[in-house]
Amino acid sequence: MPQSVDRALDLLDAVAEAPGPVTAKALARRLDCGLSTVYALLGALTDRGHLARTPAGYTLGYRLPSLHRAFQRQLRIDERVHEVLLRLRRVSGADVFFSTYRTGRSRWWTA
51 MPQSVDRALD
61 LLDAVAEAPG
71 PVTAKALARR
81 LDCGLSTVYA
91 LLGALTDRGH
101 LARTPAGYTL
111 GYRLPSLHRA
121 FQRQLRIDER
131 VHEVLLRLRR
141 VSGADVFFST
151 YRTGRSRWWT
161 A
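If you count the sequence shown from 1, you need to add 50 to reach this note's numbering.
Just so you know, these hints were derived from the structure itself, not from any lab.
What you were told as hints is all true, and nothing was included just to trick you.
Here are the simulated distance ranges between beta carbons:
| # | residue 1 | residue 2 | range |
| --- | --- | --- | --- |
| 1 | 76 | 126 | 32 to 42 Å |
| 2 | 97 | 60 | 15 to 25 Å |
| 3 | 112 | 90 | 16 to 26 Å |
| 4 | 150 | 90 | 32 to 42 Å |
| 5 | 56 | 149 | 25 to 35 Å |
| 6 | 134 | 84 | 46 to 56 Å |
| 7 | 126 | 85 | 39 to 49 Å |
| 8 | 143 | 112 | 28 to 38 Å |
| 9 | 75 | 113 | 17 to 27 Å |
| 10 | 79 | 136 | 35 to 45 Å |
| 11 | 79 | 149 | 29 to 39 Å |
| 12 | 150 | 87 | 39 to 49 Å |
| 13 | 76 | 99 | 14 to 24 Å |
| 14 | 69 | 136 | 22 to 32 Å |
Cβ coordinates follow ideal geometry from the N, Cα and C atoms, glycine included.
Model the full structure from these sequences, guided by the hints.
Structure representation (structure tokens):
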């Protein structure tokens with residue numbers, strides 16, 4: 051994978067894992083790369099809506115919920131199965147998993 055793509059994904063993961071907004075300097079330290087590189091990546095991810103800039107730092111952006119909806123749509127999980135998973139999670143208080151094996155590929159869902 052090209053290094054810039056790898057770093058952009060690492061940056062997105064770092065923002066997602068942070069408990070709140072995170073500054074560019076903190077991200078540069080965490081990723082062990084130059085501040086100018088981080089600012090360039092932050093700019094691209096912010097322009098595309100994957101991240102948002104706030105006065106306190108960077109957070110996940112408005113684009114991610116639509117990516118998640120697309121992910122769920124592409125999985126094509128039956129709505130009845132999804133409802134059962136959610137019900138089991140509420141009743142058990144624990145994560146619930148469902149997996150299938152189709153055409154040589156494993157797919158899994160969690161609730």
